[in-house]
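Protein sequence lines correspond, in order, to chains B and F.
Under the working numbering, think of the first position of the first sequence as 1, with each following residue one higher.
Under the working numbering, think of the first position of the second sequence as 1, with each following residue one higher.
Hints in this document: simulated from the structure, not taken from any laboratory.
There could be a bad hint or two in this list.
[To be verified] Below, computed lysine to any residue pairings styled on SDA-like, alpha-carbon distance capped at 20 Å:
no. : chain 1 : residue 1 : chain 2 : residue 2
1   : B       : 305       : B       : 261
2   : B       : 193       : F       : 21
3   : F       : 6         : B       : 403
4   : B       : 284       : B       : 248
5   : B       : 413       : F       : 82
6   : B       : 413       : B       : 244
7   : B       : 99        : B       : 198
8   : F       : 6         : B       : 405
9   : F       : 6         : B       : 319
10  : B       : 299       : B       : 262
11  : B       : 305       : B       : 180
12  : F       : 6         : B       : 206
13  : F       : 6         : B       : 248
14  : F       : 6         : B       : 422
15  : F       : 6         : B       : 415
16  : B       : 413       : F       : 113
17  : B       : 182       : B       : 256
18  : B       : 413       : F       : 6
19  : B       : 211       : F       : 8
20  : B       : 299       : B       : 256
21  : B       : 95        : B       : 172
22  : B       : 213       : B       : 358
23  : F       : 6         : B       : 425
24  : B       : 319       : B       : 90
25  : F       : 6         : B       : 409
26  : B       : 99        : B       : 281
27  : B       : 211       : B       : 224
28  : B       : 319       : B       : 300
29  : B       : 193       : F       : 8
30  : B       : 345       : B       : 244
31  : B       : 331       : B       : 51
32  : B       : 413       : F       : 195
33  : B       : 213       : B       : 27
34  : B       : 331       : B       : 72
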Amino acid sequence: MTDSACAGDPGWYTLDNAGKVFPAIVSERTTTVYRVSATLTETVHPDAMATALSAVITRFPYFQVYLRRGFFWYYLERTGDAPSVLPDARSPCEKILMKRRGVFLLRVRVFARRVAVECSHTLTDGFGALTFLKALLAEYLDSLHGPLAGRDGIPRPGQAPDPCESEDSFVRFYNRLAPPPKSLSRAFHLADKRLPAGRYTVVTGILSVAKLKEAAARYGATINDLLAAALFHALQEKALAGPRSRLRPIRLIIPVDLRRIFGSGTLRNFTLFTLPEIDPRLGKYGFEEIVSRVHHFIKMETNDKSVHADMSRNVRAEKNRLVRLIPLALKNPIFHVVFYASGEKAASSSLSNLGRVSLPEAMARYVRCFDFIPAPGRDTRTNCGVISFGDEIHVSFGRIVRSAEVERIFFTKLVELGIPVRVEG
Amino acid sequence: MPYCWKCGVQLEESARSCPLCAAPVPRLAEPGAADASGKPADLDRPVDTLASIGRRHPYQLWMIVSVPFLTALLIVLSLSLRMEQFPAWGWYAAGSVVAGWAVVSLFLVIARFPVPALCGMGLTTAALLFFFDLLDAGPAWFLPLALPIVLAGCLFTIAITFLFAAKGPKGLHSIGFTFLAAAVFCLAVDCIVTLRFAGAIDPRWSLVAGSVLVPFALLFILLHYAFKRRVRFQRYFHR
Numbered sequence: 001m002t003d004s005a006c007a008g009d010p011g012w013y014t015l016d017n018a019g020k021v022f023p024a025i026v027s028e029r030t031t032t033v034y035r036v037s038a039t040l041t042e043t044v045h046p047d048a049m050a051t052a053l054s055a056v057i058t059r060f061p062y063f064q065v066y067l068r069r070g071f072f073w074y075y076l077e078r079t080g081d082a083p084s085v086l087p088d089a090r091s092p093c094e095k096i097l098m099k100r101r102g103v104f105l106l107r108v109r110v111f112a113r114r115v116a117v118e119c120s121h122t123l124t125d126g127f128g129a130l131t132f133l134k135a136l137l138a139e140y141l142d143s144l145h146g147p148l149a150g151r152d153g154i155p156r157p158g159q160a161p162d163p164c165e166s167e168d169s170f171v172r173f174y175n176r177l178a179p180p181p182k183s184l185s186r187a188f189h190l191a192d193k194r195l196p197a198g199r200y201t202v203v204t205g206i207l208s209v210a211k212l213k214e215a216a217a218r219y220g221a222t223i224n225d226l227l228a229a230a231l232f233h234a235l236q237e238k239a240l241a242g243p244r245s246r247l248r249p250i251r252l253i254i255p256v257d258l259r260r261i262f263g264s265g266t267l268r269n270f271t272l273f274t275l276p277e278i279d280p281r282l283g284k285y286g287f288e289e290i291v292s293r294v295h296h297f298i299k300m301e302t303n304d305k306s307v308h309a310d311m312s313r314n315v316r317a318e319k320n321r322l323v324r325l326i327p328l329a330l331k332n333p334i335f336h337v338v339f340y341a342s343g344e345k346a347a348s349s350s351l352s353n354l355g356r357v358s359l360p361e362a363m364a365r366y367v368r369c370f371d372f373i374p375a376p377g378r379d380t381r382t383n384c385g386v387i388s389f390g391d392e393i394h395v396s397f398g399r400i401v402r403s404a405e406v407e408r409i410f411f412t413k414l415v416e417l418g419i420p421v422r423v424e425g
Numbered sequence: 001m002p003y004c005w006k007c008g009v010q011l012e013e014s015a016r017s018c019p020l021c022a023a024p025v026p027r028l029a030e031p032g033a034a035d036a037s038g039k040p041a042d043l044d045r046p047v048d049t050l051a052s053i054g055r056r057h058p059y060q061l062w063m064i065v066s067v068p069f070l071t072a073l074l075i076v077l078s079l080s081l082r083m084e085q086f087p088a089w090g091w092y093a094a095g096s097v098v099a100g101w102a103v104v105s106l107f108l109v110i111a112r113f114p115v116p117a118l119c120g121m122g123l124t125t126a127a128l129l130f131f132f133d134l135l136d137a138g139p140a141w142f143l144p145l146a147l148p149i150v151l152a153g154c155l156f157t158i159a160i161t162f163l164f165a166a167k168g169p170k171g172l173h174s175i176g177f178t179f180l181a182a183a184v185f186c187l188a189v190d191c192i193v194t195l196r197f198a199g200a201i202d203p204r205w206s207l208v209a210g211s212v213l214v215p216f217a218l219l220f221i222l223l224h225y226a227f228k229r230r231v232r233f234q235r236y237f238h239r
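Work out the full structure, taking the sequences as your base and the hints as a guide.
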């Protein structure tokens with residue numbers, strides 16, 4: 001068991017608090033799979049990548065696991081197998097058949113110069129997947145170009161993993177006395193026609209970090225605030241273009257990396273959300289007004305006290321004796337209902353920012369860019385993932401609807417702000 | 001680097017259309033370059049890009065649909081011929097299958113031209129009824145009864161089709177106009193039937209049917225136009 005903080009490698013792991021809910025809601029549309037990829041300056045050799053993957057996966061024993069069904073909960077069972085390197089697929093973030101035997105909860109795909117790690121949220125969050133990708137890239141480049149200098153900060157095969165990397169930090173840091181958070185009303189959802197189940201369309205916009213910083217500074221905000229405000233603006237335009245009866249508050253899920261707040265070193269899920277909102281029923285918000293609201297909301301909500309309410313609610317539900325005694329077969333439908341009734345219902349879209357990727361100079365010269373595609377959502381039909389490397393920031397929209405109107409309004413707004421945007425679809 | 005002329009974003013070199021708004025990326029052909037058909041590209045004349053969109057192949061579908069009809073006809077005929085005397089039900093069944101095939105064929109082949117398609121369906125129905133009348137000891141009820149009812153049905157269907165084409169098929173008013181046409185059709189059928197059997201026009205039951213249909217029809221039409229003009233009920237029906 002790893003419930004107690006920083007236990008050693010036990011051969012099996014309980015799912016962390018956030019990961020417990022995902023096996024119950026997995027479907028063709030809600031795959032819970034996101035993707036972090038790197039584009040190199042040269043074509044990827046699949047054989048060398050497979051060798052690197054076999055070596056690196058042993059450094060992350062908590063990722064070298066299969067999902068197993070217990071009587072009360074799912075759990076992760078350690079295996080000696082290594083995942084295969086797969087060719088890239090047309091539609092990213094496809095469902096991982098994680099409940100089948102012999103299926104890893106992450107997969108590595110290669111195509112031309114790109115290597116991608118697609119990972120289920122059951123296993124880890126974006127930070128964990130990015131750390132794994134960096135370790136994989138380091139090992140791969142090491143094998144091709146000789147030992148790389150300065151890769152000390154990147155996990156290396158053969159190193160013993162820190163036991164704290166596999167801990168459930170939610171359980172470690174939650175506050176028993178924190179009151180539950182306020183319940184949120186149903187948010188505005190896009191009414192566009194959906195693509196067939198399993199189809200996920202991605203559009204990526206490439207922007208200059210310097211230009212974005214300059215534009216954000218004009219509003220006294222951060223890059224993340226500015227991007228969130230542009231997404232709010234796009235959703236507001238969509239909401240106001242629809243019937244007035246469908247107008248509801250527009251809320252964005254903005255994940256907060258709790259490792260920075262609590263100083264945790266876990267590589268499993270340790271992310272919660274902040275949910276800034278605007279309510280177009282009160283009137284149309286100007287862009288400056290949106291930036292200001294988002295900036296102040298995020299500043300106020302991203303601290304240890306504000307996240308304790310959400311964290312405590314989730315952990316208390318997990319620790320509840322009645323919940324623990326319910327067999328898994330009954331838990332799954334309950335989790336399904338609860339997730340859609342209280343989770344996605346309250347949000348219109350999401351904006352996940354993995355931040356700036358830093359690599360040692362010896363590695364960075366072989367890497368052109370990074371991309372991050374968020375997991376598709378059933379209700380939040382268009383989601384946004386942001387990642388930056390060097391002087392470029394990649395903003396990827398994944399959508400399960402036919403219309404790319406949100407993306408169009410979003411990028412057009414950035415162009416209006418004087419930020420050149422290059423779009424790849 | 002090409003730009004989207006609608007969104008203002010840069011696109012990939014290989015992009016043919018904008019991934020955001022689907023606007024095509026304008027590209028000039030090389031001087032003297034030929035298109036896929038081998039003809040030189042003519043930059044002065046606009047190209048009918050819509051011509052190739054939505055082109056259907058009704059004849060292929062018609063051939064596929066004809067197979068079950070033909071199979072049914074062959075089964076009916078072979079079963080009938082196995083019996084000592086060709087039975088009457090065989091004619092009825094065979095006639096119905098042929099008429100069904102004709103109606104489906106009309107829909108598939110000339111569905112884009114509603115009036116000829118509807119007239120064709122009316123003619124097929126009339127021909128089938130005439131055929132049944134002949135089987136039933138010579139022509140008796142076709143001319144005074146079946147033909148006028150089929151004609152009335154065709155006329156009302158064509159009228160409704162024109163109305164929908166002119167006003168647009170969406171909205172509550174389409175239900176209203178259909179109800180009105182149904183009421184008028186009931187009246188016509190009632191007149192024809194009573195004239196044939198009682199010798200005089202006596203449209204009693206169609207008036208009962210009409211008294212139900214017409215108020216609903218008017219309500220739907222009123223609601224449609226009230227909503228369309230954004231008339232508020234409170235204001236519209238104030239006391």
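To see whether the hints hold, each was checked on the structure:
no.	hint	verdict
1	B:305 with B:261	10 Å, holds
2	B:193 with F:21	16 Å, holds
3	F:6 with B:403	16 Å, holds
4	B:284 with B:248	13 Å, holds
5	B:413 with F:82	78 Å, violated
6	B:413 with B:244	24 Å, violated
7	B:99 with B:198	18 Å, holds
8	F:6 with B:405	12 Å, holds
9	F:6 with B:319	54 Å, violated
10	B:299 with B:262	16 Å, holds
11	B:305 with B:180	12 Å, holds
12	F:6 with B:206	18 Å, holds
13	F:6 with B:248	29 Å, violated
14	F:6 with B:422	14 Å, holds
15	F:6 with B:415	11 Å, holds
16	B:413 with F:113	46 Å, violated
17	B:182 with B:256	18 Å, holds
18	B:413 with F:6	12 Å, holds
19	B:211 with F:8	16 Å, holds
20	B:299 with B:256	11 Å, holds
21	B:95 with B:172	30 Å, violated
22	B:213 with B:358	18 Å, holds
23	F:6 with B:425	16 Å, holds
24	B:319 with B:90	41 Å, violated
25	F:6 with B:409	11 Å, holds
26	B:99 with B:281	43 Å, violated
27	B:211 with B:224	13 Å, holds
28	B:319 with B:300	29 Å, violated
29	B:193 with F:8	26 Å, violated
30	B:345 with B:244	19 Å, holds
31	B:331 with B:51	39 Å, violated
32	B:413 with F:195	72 Å, violated
33	B:213 with B:27	38 Å, violated
34	B:331 with B:72	8 Å, holds
Checked against the numbered hints given earlier, this structure breaks hints 5, 6, 9, 13, 16, 21, 24, 26, 28, 29, 31, 32 and 33; the rest are met.
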